[in-house]
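Participant: As a plain string of letters, each chain reads:
Protein chains: 2
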Amino acid sequence: MAHHCYFNGKIDSVEQTNIHITDLGLLRGYGLFDYFRTYNGRPFQWDWYWERYERSARLLRLPNPVQKDEAYQVVMSLIEKSGLDDCAIRFVLTGGYAEDSVSMSKPNLLIISEDIHPVKPEEYTSGIKVIAYEYVRDLPEIKSTDYKHFMILQADIKAAQASDVLFHKNGYISELSRSNVFIFKGDTLITPDTDILKGITRRTTLELAKGHFKIEERSVKLTELLEADEVFTTSTTKRVLPITKVDDSVLGSGKIGPKTQFLLDLINEKIKNW
Amino acid sequence: MAHHCYFNGKIDSVEQTNIHITDLGLLRGYGLFDYFRTYNGRPFQWDWYWERYERSARLLRLPNPVQKDEAYQVVMSLIEKSGLDDCAIRFVLTGGYAEDSVSMSKPNLLIISEDIHPVKPEEYTSGIKVIAYEYVRDLPEIKSTDYKHFMILQADIKAAQASDVLFHKNGYISELSRSNVFIFKGDTLITPDTDILKGITRRTTLELAKGHFKIEERSVKLTELLEADEVFTTSTTKRVLPITKVDDSVLGSGKIGPKTQFLLDLINEKIKNW
Chain A
7 MAHHCYFNGK
17 IDSVEQTNIH
27 ITDLGLLRGY
37 GLFDYFRTYN
47 GRPFQWDWYW
57 ERYERSARLL
67 RLPNPVQKDE
77 AYQVVMSLIE
87 KSGLDDCAIR
97 FVLTGGYAED
107 SVSMSKPNLL
117 IISEDIHPVK
127 PEEYTSGIKV
137 IAYEYVRDLP
147 EIKSTDYKHF
157 MILQADIKAA
167 QASDVLFHKN
177 GYISELSRSN
187 VFIFKGDTLI
197 TPDTDILKGI
207 TRRTTLELAK
217 GHFKIEERSV
227 KLTELLEADE
237 VFTTSTTKRV
247 LPITKVDDSV
257 LGSGKIGPKT
267 QFLLDLINEK
277 IKNW
Chain B
7 MAHHCYFNGK
17 IDSVEQTNIH
27 ITDLGLLRGY
37 GLFDYFRTYN
47 GRPFQWDWYW
57 ERYERSARLL
67 RLPNPVQKDE
77 AYQVVMSLIE
87 KSGLDDCAIR
97 FVLTGGYAED
107 SVSMSKPNLL
117 IISEDIHPVK
127 PEEYTSGIKV
137 IAYEYVRDLP
147 EIKSTDYKHF
157 MILQADIKAA
167 QASDVLFHKN
177 GYISELSRSN
187 VFIFKGDTLI
197 TPDTDILKGI
207 TRRTTLELAK
217 GHFKIEERSV
227 KLTELLEADE
237 VFTTSTTKRV
247 LPITKVDDSV
257 LGSGKIGPKT
267 QFLLDLINEK
277 IKNW
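If you read the sequences in order, they're chains A and B.
Using the working numbering, the letters of the first sequence correspond one by one to residues 7 to 280.
Using the working numbering, the letters of the second sequence correspond one by one to residues 7 to 280.
Everything labelled a hint here was simulated from the structure, so no lab data went into it.
Incorrect hints may appear among the rest.
Identical chains blur together in the list; that is why a pair holds if it fits in one copy or across any two.
Unchecked claim - The calculated DSBU-like cross-link candidates involving lysine-lysine, where the alpha carbons are at most 30 Å apart (straight line), are: (1) LYS112 <-> LYS126; (2) LYS112 <-> LYS164; (3) LYS261 <-> LYS191.
Using the sequences and the hints given, assemble the complete structure.
Facilitator: Printed below as a string of structure tokens:
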């Protein structure tokens, strides 16, 4: 079995799927994506991911060429063809082909099944290290394909023996390269609410935390994060993952904190029963 | 005859050149380009374009896989294969293929010949209209493939019966979507020097203007532009093109001014003898 890709109505193996070089995603960075995974063979939080994909398309002014039901059938067919118990699915929507490298006619939509690249199990205990970097993503509320700052920083992340980058600007934090960030201050769970992509795992986590903790969605200072009791990040592949170091500053106890563990247990439970 | 494309060492027709869907230019917007044209069959200002291409690659931390001499031979061969008296050439350099959509191994380089899309002749007299938009390009000094704001604005540009967009932020102008901007105030030629991509035609124009006008490369307020005697834009395909309207404000005399005409004549003369 191998991964497959839907491309404008046709399904082929990923290996054999190419795109013409006049694509505006390639030539003009005019594209968006979305990304989710299955648990127990079922797309996790499908409704929420679809809603976000449609919103990104609307904000980038890209016409979405498939209806939700049709897309779901494609996704289920790709999952089946993968032969895997669980896999990841990536949507990529671009401005389509333009011979003059500017004029849009009709979008290109790819739906791709992929291997899941899980976090190393020990990182759920030790937490991860991130480097701090002054930047706010351009059009942060859209899941565009614009990750050039993260790509440029790859060498710095590696050199610092870190896993990721924490974006901050004018003293306020926003997000990691591909995930959201939360802090615990006593019994209060705090997370930025502007200049971020609103992650589906962020939403799941907030829903799970309700009733257990006081929740604040608001601007968060970098100094607050550095002095927090616990810090963690959320994403499709990371779920709830502790952050225990920013550059050379140790956060909290330097390992996963009890409240982060509580939320991680809650999300693991939800996943088990998905 | 047809346009051809060099792709990682092989030349094929553009029509038949595809790129695999795991390319980081497509998936992560991790790519740059450069673009020039020939006059009298010879690449115009080749040395300067090559220098800028290499600089963009260095700043984006993309290894450049070809030497200058080899690239020049490829360019000349593509020009010959086009069968055209003159054509445009586009370099596209991306982070290459990454199965995990993040890890770079080796870059993808495309060198493509294209038709030139010239400005309508009457616009050299009437000038063009632009819409003003608050934005500074991300990493403006790099010729990255990031043009998503310009692509999003296409509908607004069309609705305003304009040709392009003028970026400004905090009261200062920077550039158009794909070209630089100059103003004349009396005998002084003024152009922004920060938050811009330093265009090769900008450089050519400054060189030609030296000795004829006082030149100031500095921050330029939007209000200065609106009150200028003459305004024009420079680019590879536009050369020296008057701008006579920003939104509903008429600039200068509302048609090409005498000093802009003088610079346009100088560049046309240079091109004729290239």
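Participant: If a hint holds in the structure, say so; if it does not, say that too.
Facilitator: Going through the hints against the structure:
1. LYS112 <-> LYS126: between (41 Å within a copy, 26 Å between copies)
2. LYS112 <-> LYS164: between (39 Å within a copy, 17 Å between copies)
3. LYS261 <-> LYS191: Cα proximity of LYS261 and LYS191: one copy only (16 Å, versus 63 Å across).
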